[in-house]
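Chemist: Next come the chains, spelled out residue by residue.
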Amino acid sequence: QVQLQESGPGLVKPSETLSLTCTVSGGSITSYYWSWVRQPAGKGLEWIGRIYISGSTNYNPSLKSRVTMSVDMSKNQFSLKLSSVTAADTAVYYCAREDSGSGRAFDIWGQGTMVTVSS
Amino acid sequence: DIQMTQSPSSLSASVGDRVTITCRASQSISSYLSWYQQKPGKAPKLLIYAASSLQSGVPSRFSGSGSGTDFTLIINSLQPEDFATYYCQQSYSTPRTFGQGTKVEIK
Numbered sequence: 005q006v007q008l009q010e011s012g013p014g015l016v017k018p019s020e021t022l023s024l025t026c027t028v029s030g031g032s033i034t035s036y037y038w039s040w041v042r043q044p045a046g047k048g049l050e051w052i053g054r055i056y057i058s059g060s061t062n063y064n065p066s067l068k069s070r071v072t073m074s075v076d077m078s079k080n081q082f083s084l085k086l087s088s089v090t091a092a093d094t095a096v097y098y099c100a101r102e103d104s105g106s107g108r109a110f111d112i113w114g115q116g117t118m119v120t121v122s123s
Numbered sequence: 017d018i019q020m021t022q023s024p025s026s027l028s029a030s031v032g033d034r035v036t037i038t039c040r041a042s043q044s045i046s047s048y049l050s051w052y053q054q055k056p057g058k059a060p061k062l063l064i065y066a067a068s069s070l071q072s073g074v075p076s077r078f079s080g081s082g083s084g085t086d087f088t089l090i091i092n093s094l095q096p097e098d099f100a101t102y103y104c105q106q107s108y109s110t111p112r113t114f115g116q117g118t119k120v121e122i123k
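Protein sequence lines, in the order shown, are assigned to chains A and B.
Residues 5 to 123 (the working numbering) make up the first sequence, in order.
Residues 17 to 123 (the working numbering) make up the second sequence, in order.
Source of the hints: derived by calculation from the structure; they are not laboratory data.
You may find that some hints are simply not true.
[Stated by the list, open to error] Covered stretches of chain A, going by a simulated chain B footprint (3 or more residues, C-beta under 8 angstroms): (1) 48-54; (2) 59-72; (3) 110-120.
Heads up, the beta-carbon is just placed ideally off N, CA and C, and yes, glycines get one too.
Just chain B, with the same shape it has in the complex:
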């Protein structure tokens, strides 16, 4: 199985901050990397697919980059509605695997 490791596990930030979350795969996954946002009691929501493509309807303050084993999700100018948990996920091979999540909290 491909292991996905996110860092940090949690962070505190203020509205307007730039937030960076990283995800590392245990082997190369090309660009088969997606990012999801999950709020309490809700299903995950796709933000970024293919490492850097913005899902339709997702604000442009979200961006993704990387390929191979190292990936980054950046949230520019954090908004109140962005406080949530973020997960990366690889779709290079089965079983599909997720990172452990990064909880973004209000400072």
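Isolated chain A (complex conformation):
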């Protein structure tokens, strides 16, 4: 079955760039949109954006100026970069698959990776 695994630094300094990668195993990265969702401690879920295998992206307007997503089909991976981070970007970051066959729901999620922004 398809599994997602986030990876990247758990600690990022303020003003620097947060970089995370999601590796898709057990299935192909093609034919789906792939999203990033984050969750600050004790708070709700915030959609960051998504990418398709073609490279087409949609970003949350609240983060658009700082977000870049990319996809590497050869490695079955997609990535997130969030620039100029502050303490407000401290959160658990999840990658998720959006399935058009399931009403565009996020049917598969990674386990999440905690990212702390601190000097």
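Go by the hints and put chain B onto chain A.
Modeler: Below, chain B without anything else, positioned relative to chain A:
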């Protein structure tokens, strides 16, 4: 952006109770509404998609209904493993947005 509003924000219930959680969208989202369950320290888990379709492997005590702007998640005969936080989410348009969550606690 489409705003998703859940109610209540939290509730206390006993094992065996029937629980109802509602979600309202700020504009019509047709049936592009999903429900997720999240337990502490875990990723959200898809329960219901397309407003009323049960995700494979999810117990039948979970059900969803609604279309347009008003949606409902019902848990029949609440089980101990159902104590968690539940989120609705719209996939009608981007940015995708979630409700603020409903925490179901043990009475």
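Chemist: Going through the earlier hints one by one, which of them does the structure break, listed in rising order?
Modeler: Checked against the structure, no hint fails, so every one of them is satisfied.
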